[in-house]
Amino acid sequence: MIKLTINGKAHQLDVAPDTPLLWALRDTLQMTGTKYGCGQALCGACTVHVDGEPVRACSAPVSAVVGRKIRTIEAVDTERVGKVVQEAWRKLDVVQCGYCQSGQIMSAVALLTQNRKPTDADIDTAMSGNLCRCATYVRVRAAIHEAAKALA
Amino acid sequence: MSEILIENLSRRRFLQGSAGLTLGFCLPAVAAGKLNRVATVNTEINAFLKIGADNSVTVMSKHLEMGQGTYTGLATILADELDADWVQVRVEGAAADAKRYNNTFWGPAQGTGGSTAMANSWDQMRKAGASGRAMLVSAAAKRWNVGAAEIVVRDGIVSHAGSGRKASFGELALDAAKETVPTEVKLKDPKDFRLIGKQAKRKDSAAKTNGTAQFTQDVFLPGMLVAVVAHPPQFGATVRSFDASKAKGIKGVVDVVQIPQGVAVLASDTWSAKKGRDALSVEWDDSKAFKLGSDEILARYKEMAKKPGLVAAIKGDTTKTFASAAKVVSASFDFPYLAHAAMEPMNCVVQLKADGCEVWNGEQFQTVDQGRVAALFGLKPEQVKLNMLYAGGSFGRRASTQSDYVLEAAHIVKAINGKAPVKLVWMREDDMRGGYYRPLFHHALEAALDSSGKLVGWHHRLVGQSILTSSPFESVMVKDGIDHVSVEGASNLPYAIPNLLVDLHTPTDIGVPVLWWRSVGSSHTAYSTEVFLDQVAAAMGKDPVALRLELLTEHPKHAGVLKLVAEKANWGTPLKAAAGERRGRGVAVHESFNSFVAQVAEVTVKRDGSIKVDRVICAVDCGTAINPDNIRSQVEGAVGFALSAALHGEITLKEGRVEQGNFDTYAPIRIDEMPVVEVHIVPSTAAPTGIGEPGVPPLAPAVANAIAAATGKFLHKMPFNTAELVA
Chain V
1 MIKLTINGKA
11 HQLDVAPDTP
21 LLWALRDTLQ
31 MTGTKYGCGQ
41 ALCGACTVHV
51 DGEPVRACSA
61 PVSAVVGRKI
71 RTIEAVDTER
81 VGKVVQEAWR
91 KLDVVQCGYC
101 QSGQIMSAVA
111 LLTQNRKPTD
121 ADIDTAMSGN
131 LCRCATYVRV
141 RAAIHEAAKA
151 LA
Chain F
1 MSEILIENLS
11 RRRFLQGSAG
21 LTLGFCLPAV
31 AAGKLNRVAT
41 VNTEINAFLK
51 IGADNSVTVM
61 SKHLEMGQGT
71 YTGLATILAD
81 ELDADWVQVR
91 VEGAAADAKR
101 YNNTFWGPAQ
111 GTGGSTAMAN
121 SWDQMRKAGA
131 SGRAMLVSAA
141 AKRWNVGAAE
151 IVVRDGIVSH
161 AGSGRKASFG
171 ELALDAAKET
181 VPTEVKLKDP
191 KDFRLIGKQA
201 KRKDSAAKTN
211 GTAQFTQDVF
221 LPGMLVAVVA
231 HPPQFGATVR
241 SFDASKAKGI
251 KGVVDVVQIP
261 QGVAVLASDT
271 WSAKKGRDAL
281 SVEWDDSKAF
291 KLGSDEILAR
301 YKEMAKKPGL
311 VAAIKGDTTK
321 TFASAAKVVS
331 ASFDFPYLAH
341 AAMEPMNCVV
351 QLKADGCEVW
361 NGEQFQTVDQ
371 GRVAALFGLK
381 PEQVKLNMLY
391 AGGSFGRRAS
401 TQSDYVLEAA
411 HIVKAINGKA
421 PVKLVWMRED
431 DMRGGYYRPL
441 FHHALEAALD
451 SSGKLVGWHH
461 RLVGQSILTS
471 SPFESVMVKD
481 GIDHVSVEGA
491 SNLPYAIPNL
501 LVDLHTPTDI
511 GVPVLWWRSV
521 GSSHTAYSTE
531 VFLDQVAAAM
541 GKDPVALRLE
551 LLTEHPKHAG
561 VLKLVAEKAN
571 WGTPLKAAAG
581 ERRGRGVAVH
591 ESFNSFVAQV
601 AEVTVKRDGS
611 IKVDRVICAV
621 DCGTAINPDN
631 IRSQVEGAVG
641 FALSAALHGE
651 ITLKEGRVEQ
661 GNFDTYAPIR
671 IDEMPVVEVH
681 IVPSTAAPTG
691 IGEPGVPPLA
701 PAVANAIAAA
711 TGKFLHKMPF
721 NTAELVA
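Keeping their order, the protein sequence lines are chains V and F. The numbering of the first sequence is the numbering used here, which starts it at 1 and goes up by one. The numbering of the second sequence is the numbering used here, which starts it at 1 and goes up by one.
For reference, chain F alone in the conformation it holds in the complex (with noise of 0.2 angstroms):
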């Protein structure tokens, strides 16, 4: 886009994020962008809307879209409140800009994660849908000298019934932008939205049914070269030394250098530019490296769980309930590291140029990658434009806190002094072998049951590396050595419990780098607590679901979803199995990124201990259903996310080196694995909350808790030992 934005000071910010906004005005350009796309011009109404000639609606997305529906979202948001036609409206991913497009739960970083996107954006995109749409009014009102309050606006009309006039938004735009931005503008009565709440379709289903999506992988620019990267087999190996003559020898290898991350092969294409990578003969340098085994890990992590970690949260006095206690029970459980294996394995696109640099990638933290692509060469942050595109996927990955792999790319430039657009490809194997996994945790979990049989005490001790330490949210999220993610869904156990004890060990000698994975600390605490809470009802002699409301008088979000989906699953009803087969029906609650989801799993375990999950019944809380239909779809997907994970996902260390390489070791499931999967949705007129993760971290517990139903054994490592349920 060659727009030529006018910064107008003047006009006063009518949208108070934490870091304010500016409001501008743009002068009419020809977007130039696209070479399919037909030339529009595009007035800028506010930082979130433009508004075409052609009459169509850009919503500007500060937010990326890696599936989970944002770009839909935040447009149909706008969209309602500007009371635009759906038809006309398209979203476009906005360059990063941590003043206009900041995550306003954040502060001045623009960024995408925790299921924020929704829900800090909600004021927001009301009010530039509110915003614009007054500014065509007045416009329109001026232009046939009638009052606004007379001017009705409805699905990208605008009309006045006494004069019978009436114009498109594309008709009205020059003139709305030249309109003051109103101070305040009137929300919608939610009764009167028309968008949000009912099924608005997604916008990106056109572009990914066709191939014309454009992700990073699909970027290419004059002259750019393709670079594939030799990484040490071991985290924290160096080179020592290569010997690149092999890969110089393939035909479209164009060059090879030598980067902090490893060596790079830089060819005309992707498929020379591996061969080339794999032609290479690299001495590397241990004497730094990591290089113990998983079991090593786990093992150590072990004998730190003997031992008093730092308190994360306490109530009461664990230690004289569990003295005078009538019966404990206790439990551990491990849960491996696992890599995000996202469909488009990392990549990002750098261009060096004149005045700046330009980057190309869909990824979660914009404005952390553009500051450190910036401190690299030696500019301004606002000297790097970084444009976003959809991400195939990532869990977590593309917000990386280290920014490694856009950084690897930018290094790759700089190593050739800039003289060519790099693409860095990573193979699936860079990407399974890369880190930034969810860290391998170890938990152990006690709870006290008084002689009139009530549970009194609780105690959870965490062992595992912080994600958090030596990121860029480190000062806020650490807190006396308590990185909050290692311990959320622990520390905030929603049942009452009298006395309760949760403590954290984090290992800081362990050298494999950590990240966020969908719902991140919850994706073991839910597991731990919630089955652990099974085997303690199971003690008491007590339904889980009962137990579990008994416990919830406080908490009447979770209590909500769990009565909705035990009711929608017939809970207590019996399964009926086939003969040789074991079924049970499992359930679990889980609180995260503050939306409240609880499932049923029905399960069946075969006499060889197979499992196939059948169905999974489940309730969600998660504030305004802005789109119910994606709602189903994000929770849907989480099912066979967290599946893929209890069945399957594991990675595993041997003398440092990653043992998984590929989809054949590292197994997300497949669709003969999938079960059928029921959403309802708990009616709200709160404020949203997220929906990408929270569907992710009760499904586990569900299934093992199943599992335990059919069969009486619960499980107490992920991926789950089937071994264990041979009958």
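Here chain V stands alone, though its shape is the one from the complex (with noise of 0.2 angstroms):
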């Protein structure tokens, strides 16, 4: 049994330590909304937070992230900084597909809790492991000054 404490909840689950945080997420809670794209750390579609920095769970055996906490999109907004960015999400109607986003939106979240007030090189720092094949680049780049914009 690995016990995990995932948006403030803690979860006990019957998996094999080498499984990866996002297959436990996904297949073993149906927490659902962290997505599987590339398996390998190169995607970024499955970031969620770890004490609050963005890890990719595809490459995170749930073995390394017993006793932190985990933190995924479905609780992005019980946090001002996440609930901004969701916002400033909507607000510019950043998705297409959706399918890249709660890896966006974490990422983003991340680099604004650190950084209050990013540059556009801050941005392509920070955002440039999130893959996005929709390309709403131009878009995720507005969301996050607008959402940096609210938080000030």
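Honestly, I wouldn't trust all of these hints.
Each computed BS3-like pair below joins lysine-lysine, with the alpha-carbon atoms no more than 25 angstroms apart [as the list claims (entries may be wrong)]:
| id | chain 1 | residue 1 | chain 2 | residue 2 |
| --- | --- | --- | --- | --- |
| 1 | V | K3 | F | K251 |
| 2 | V | K91 | F | K201 |
| 3 | F | K414 | F | K248 |
| 4 | V | K149 | F | K201 |
| 5 | F | K201 | V | K83 |
| 6 | F | K198 | V | K91 |
| 7 | F | K568 | F | K198 |
Residues from chain F that keep clear of chain V, each with C-beta distances beyond 12 angstroms, as calculated [said to hold, decoys possible]:
| id | residue |
| --- | --- |
| 8 | R165 |
| 9 | T238 |
| 10 | D269 |
| 11 | A323 |
| 12 | G541 |
Computed beta-carbon distance windows for the label pairs [unchecked claim]:
| id | chain 1 | residue 1 | chain 2 | residue 2 | range |
| --- | --- | --- | --- | --- | --- |
| 13 | F | D543 | V | E79 | 18 to 28 angstroms |
| 14 | V | L151 | F | N492 | 43 to 53 angstroms |
| 15 | V | S128 | F | K198 | 44 to 54 angstroms |
| 16 | F | G572 | V | S128 | 28 to 38 angstroms |
| 17 | V | S128 | F | G541 | 39 to 49 angstroms |
| 18 | V | N115 | F | R240 | 48 to 58 angstroms |
| 19 | F | E581 | V | T119 | 19 to 29 angstroms |
It should be emphasised that the hints constitute simulated quantities derived from the structure, not laboratory data. Quantities reported herein were computed from a predicted structural model and do not represent experimental measurements. Where is the CB? At the ideal position from N, CA and C, for every residue including glycine.
Combine the two chains into a complex, taking the hints into account.
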């Protein structure tokens, strides 16, 4: 049994210790907001927060996140930065297919939590791990600036 | 939804789609679908419209939402004619039904593709909304005993000024459904549109920003097994034998079965299924496998290009023109295989039931897949319920001419005798190596200038595999051996050149499955024609915009977007470059799917040859702009999608094996490579055309022409070889 704390709630999971957090979330807990895209930490679709840091859940075995605070898209609006980012995303209609957007938002929230006024270069650095095949990047950038304004 | 549909055949047809449309109304029933949705009584007003007792307006979308904004666009059209309040509108994907939900451009087939969603639905959705509105008005007139002409509908409220009475749609829905469906409805004058042409917000933004949007990947059914498949390493190879003993020893693995597509490992969850798949030992029979590499394919194509192909377009006499030309300009272009690489890898959920089969999927060819699944199980198409979910991108991949991945899921279910519902999950590598690529193409072009320097001859030869041959569309779209989508964008060159020949070779012995990739033929023809035209302009000493405008006398829409983009981009003014950098501006214009797009790219080339596309200015004419913000969004995305192919995109084969597997070796652009994009929309009252694809074709040639302006070098291969640009 693996004990995980996800979105403030304790869970006991009957999974092998090498199971990536991604599949524990999706298949065991059916928290499907976190997406599978590449399985190799190349695309960022599975980005979650572990102790506030953006982590690619596809490459983090559950054994490595025991005892740490895991936060997923499902609870992103429970803290102010998350809510503001989500609102900016909606205001600017950032999404297209939407599949990568949970990961985009989790990375953006992590960025804005640490840096309330990111420059374009900061955004490039923080967000370049998140692929979007629809190439919504123009609006991802604009929405981060929009959220930064709202947080100021 | 457990609705009881009563076909009301006495009601006249009011929507004259190509397959006709039978309207029905429905006894209200409790929607039992999603757990988190509040149950409501939904009344079906027509095939596209339900009104809930909770005053919700549900628009049924016959088209897949794969990012391009169809759900929002279709709902905008209907809701405007209905005079609904945008806030009360929601959208649901319609279950596959060739009669009710056919693409009116395609006959009796439901499908989303060719940027047709808005174009084919425009009249239909307007009439569906206007008809619903008329029925609500009739119901109110009867209830209040007033004249229908005195009733006003606005923002979801039906009211009568004289009596001061008013009612919501929800309050009138049951009565409205009993009203006679009008045979003719009056549509709004475009000046009265309240949603069309405005900024209706996307209907899928909320669910796609909180993790609740349902993709195929997110489907869970009781007892469901997840299948991960070992596919052959070469196209056409088959299973000779396999040893599943190790796979079966992995916790969670339930079954291992052979299917025509390979060997499927079924497990209780994805990770176990993947571990099981990776533990399989499979011996492949490669006797019928395709074993060539990309280089060998290209070499063959170059040989073929030395001989005349089948004529796709001809005008005047190119033989005579080239023989007597004062100057001939020539160039050849190479285009690789491209993977769609949608963020959601291919997947499908299939469940066999006592009386039929149910499929959950986001897919573009709903009734083609429905028919194929039905045939596999020996069912009638209507016994296959196909639930439409969001697709996490597609770009053409989920419009499989062979229903490849859908049938793969169905074969697995068949192999286990339907004992459990199955979710087939392709890992990224399965998706990348699974074929159905944009075909590899070789183009050779020649232009003839006469003694006065005038462009008098154009010869364009193309070599590449056919997408449509052996597809369900072959009989309609392959004529006299010419696959229309191999030459689109080349055979209809808009430029006034008196002598023109476009010919095509279609190799039939290349065993790599090919498919439409966002903008299809135009993904390569726009590049070769527009870059070559700049090369010709350079040889003529003419400005690229001026030459195009001279040659576009018979194509005012091309000229219109070209003029607009040139003006917005300050064409002709100098670009400042930093020390050691070269900068240039390039233009391209292209028509695809009846929409016209011109783009100007501003590009910086560094000393080491590396490229940065700084800004792209776009002008678009796609008829009535149903949702201007979505048009901008689609064109922004198209710029990024096309730039990925220009800078990095390439699937290569070596001895028949695909060399790329994941996003490290097949690299779409990331945010740091995304240019600033400006989109200008030509005002229009013409019927809407498409916008999902038309933003793609002009981007790569505009960038290449900008590079040529900066460096003097025209690039003849995609993706670009920046080594050619080292200063």
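Verification of the hints:
Of the pairs offered as hints, the one joining K3(V) and K251(F) holds, with about 19 angstroms between alpha carbons and a cut-off of 25 angstroms not exceeded. Our distance criterion of 25 angstroms between C-alpha atoms is met by K91(V) and K201(F), whose separation comes to about 8 angstroms. This hinted pair checks out: K414(F) and K248(F) have alpha carbons roughly 20 angstroms apart, not beyond 25 angstroms. Between the alpha carbons of K149(V) and K201(F) the distance comes to roughly 21 angstroms, so the proposed pair stays at or under 25 angstroms and holds.
With a C-alpha separation of about 18 angstroms, the suggested pairing of K201(F) with K83(V) holds against the 25 angstroms cut-off. Using a Cα cut-off of 25 angstroms, the hinted pair K198(F) and K91(V) holds, with the two alpha carbons roughly 15 angstroms apart. The straight-line distance between the Cα atoms of K568(F) and K198(F) is roughly 22 angstroms, inside the 25 angstroms bound, and the hint therefore holds. Non-interface call for R165(F) relative to chain V: holds, since the shortest CB-CB distance, roughly 36 angstroms, exceeds 12 angstroms.
With a minimum CB-CB distance of about 26 angstroms to chain V, T238(F) clears the 12 angstroms threshold, and the non-interface call stands. Not every CB of chain V is more than 12 angstroms from the CB of D269(F) (nearest about 4 angstroms), against its label as outside the interface. Listed as a non-interface residue, A323(F) keeps its Cβ farther than 12 angstroms from every Cβ of chain V; the least gap is roughly 47 angstroms. At roughly 37 angstroms from the closest C-beta of chain V, the C-beta of G541(F) stays outside 12 angstroms, upholding its exclusion from the interface.
In this structure the supplied range 18 to 28 angstroms is violated for D543(F) paired with E79(V), their Cβ-Cβ distance being about 55 angstroms. For the pair L151(V) and N492(F), the beta carbons lie near 51 angstroms from each other, so the given range of 43 to 53 angstroms is met. Separation of S128(V) from K198(F) is about 35 angstroms and departs from the stated range, judged on CB atoms against 44 to 54 angstroms. Taking the beta carbon of each, G572(F) and S128(V) are about 35 angstroms apart, inside 28 to 38 angstroms as hinted.
Look at S128(V) against G541(F): about 42 angstroms separates their beta carbons, and that is inside 39 to 49 angstroms. Distance hint check for N115(V) and R240(F): the Cβ-Cβ separation is about 57 angstroms, which falls inside the suggested range of 48 to 58 angstroms. At about 21 angstroms, the beta-carbon gap between E581(F) and T119(V) stays in the expected band of 19 to 29 angstroms.
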